[in-house]
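Model the full assembly from the supplied sequences, consistent with the hints where possible.
2 protein chains.
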Amino acid sequence: MRVKEGTKEKDILEAAIKVFAQHSYHGAKMSKIAELANVSIGTLYLYYVNKEDLLVKVFENLWKKLYVEIESLAMREDLGVTEKLDYLIDLFFDIFSNNPDLATVFVNEQHHVMRNAEVDVMYYHDFMAKAELIIIEGIKNKSINPNLNVKVLRFFILGGIKLLLDIWAKEPKLVPLSAIRINVKTVIKKGILN
Amino acid sequence: MRVKEGTKEKDILEAAIKVFAQHSYHGAKMSKIAELANVSIGTLYLYYVNKEDLLVKVFENLWKKLYVEIESLAMREDLGVTEKLDYLIDLFFDIFSNNPDLATVFVNEQHHVMRNAEVDVMYYHDFMAKAELIIIEGIKNKSINPNLNVKVLRFFILGGIKLLLDIWAKEPKLVPLSAIRINVKTVIKKGILN
DNA sequence: AAAATTTATGAATCATTATTCAAATATAAT
DNA sequence: ATTATATTTGAATAATGATTCATAAATTTT
Numbered sequence: 001m002r003v004k005e006g007t008k009e010k011d012i013l014e015a016a017i018k019v020f021a022q023h024s025y026h027g028a029k030m031s032k033i034a035e036l037a038n039v040s041i042g043t044l045y046l047y048y049v050n051k052e053d054l055l056v057k058v059f060e061n062l063w064k065k066l067y068v069e070i071e072s073l074a075m076r077e078d079l080g081v082t083e084k085l086d087y088l089i090d091l092f093f094d095i096f097s098n099n100p101d102l103a104t105v106f107v108n109e110q111h112h113v114m115r116n117a118e119v120d121v122m123y124y125h126d127f128m129a130k131a132e133l134i135i136i137e138g139i140k141n142k143s144i145n146p147n148l149n150v151k152v153l154r155f156f157i158l159g160g161i162k163l164l165l166d167i168w169a170k171e172p173k174l175v176p177l178s179a180i181r182i183n184v185k186t187v188i189k190k191g192i193l194n
Numbered sequence: 001m002r003v004k005e006g007t008k009e010k011d012i013l014e015a016a017i018k019v020f021a022q023h024s025y026h027g028a029k030m031s032k033i034a035e036l037a038n039v040s041i042g043t044l045y046l047y048y049v050n051k052e053d054l055l056v057k058v059f060e061n062l063w064k065k066l067y068v069e070i071e072s073l074a075m076r077e078d079l080g081v082t083e084k085l086d087y088l089i090d091l092f093f094d095i096f097s098n099n100p101d102l103a104t105v106f107v108n109e110q111h112h113v114m115r116n117a118e119v120d121v122m123y124y125h126d127f128m129a130k131a132e133l134i135i136i137e138g139i140k141n142k143s144i145n146p147n148l149n150v151k152v153l154r155f156f157i158l159g160g161i162k163l164l165l166d167i168w169a170k171e172p173k174l175v176p177l178s179a180i181r182i183n184v185k186t187v188i189k190k191g192i193l194n
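Just so you know, the sequences run in chain order A and B. Residue numbers for the first sequence follow our numbering, beginning at 1 and rising by one. Residue numbers for the second sequence follow our numbering, beginning at 1 and rising by one.
Since no wrong hints were added, every one of them can be taken at face value.
No copy labels: a pair is met if it fits in one copy or bridges any two.
With a straight-line Cα cutoff of 27 Å, these simulated DSS-like cross-link-like pairs (lysine-lysine) come out:
1. 65 / 51
2. 64 / 51
3. 140 / 173
4. 130 / 173
5. 18 / 173
6. 170 / 130
7. 151 / 185
8. 151 / 173
9. 140 / 84
What the hints contain is simulated information worked out from the structure, not anything from laboratory work.
Below, the structure written as structure tokens:
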């Protein structure tokens, strides 16, 4: 029997990220993805069910990676809430810092994935729950201002980081990632910690 | 000569906002917009060049409204930077509070509009410039922490507010707008003011 | 009340692309 | 070397929905 050659599955997903980032989900042509991945159009459908599946897989990989990290972070008893928030912010920036296209897709296409209730967003919700736990822990031990609403905080920080990632991915020179990282940490520490 | 009947131009735009919010730009069908606006498909093209134009007009109206408000706010010499930031946040929430669909479109479709460099985004840039001026003013008179980067701050706050608006528009009960408003103000005051 | 002009209609057109699948190809097993 | 099986291809298909435009309707002007 014939054997699969190369790393087509991975090549295709990476090509998809590039094309989704550049043209947005609906503007992304399967033919372009095939071209960038150096495979034929038919091959795309050998490895992925359809275009939607391609986008879903991008997010699945991403949230899974984020979840695995936050899970081990949440468990650590040697770290205070302040340090955990610090690590959390680093986590985001580290994942995207060498892949601006992924950042662009993450920011702009999530609502496509979320729109379909069928799609498995397990890791996303798991991640969010863990993040909330950390904030709740901080409120309990009084290191976070208890007057603040947990959900509001969570989304405010995530939203702020998302837009900054988007801007950075478009023009890395305009606002360097290092500046973003430091500033976000400062605002969060002063803004939400007691 | 025959005279235009009713308020078709406005009806169409409002229908478009509803359909864009529910189905996202590419999922929005012109036929559905026509149906909601109680006009024929052909009539859409009497008032707007095409689908893209419909989306652009939504944003033009919005940014113009925001710009007019921030312009008069920036001029006021009786207000300190703290109060101005306060008004600014209120401005966003007031505009969207009785139109969650508009909030959804604002959050999710801006990148479509921005993608096309041709499109007139004058008011958007003007708004951003004014917002930056207010922050710079705050840094000058030492009411804002001078270690913070102006652009980063601007986008962080805007991004945080955007995602919160999106969440709220989807499920107003989950996170009430009043809670969002108060929390955002608290974080910003503690986080960026000296 | 007929002509002129503007506004409104929606079936037909047209372009675009995701997806399919019959054929070709490459490798392994016999 | 031949057969069997898995992989790859890309032209053809099929569905979708934005846009057009010939026709009709409403109002005003003469």
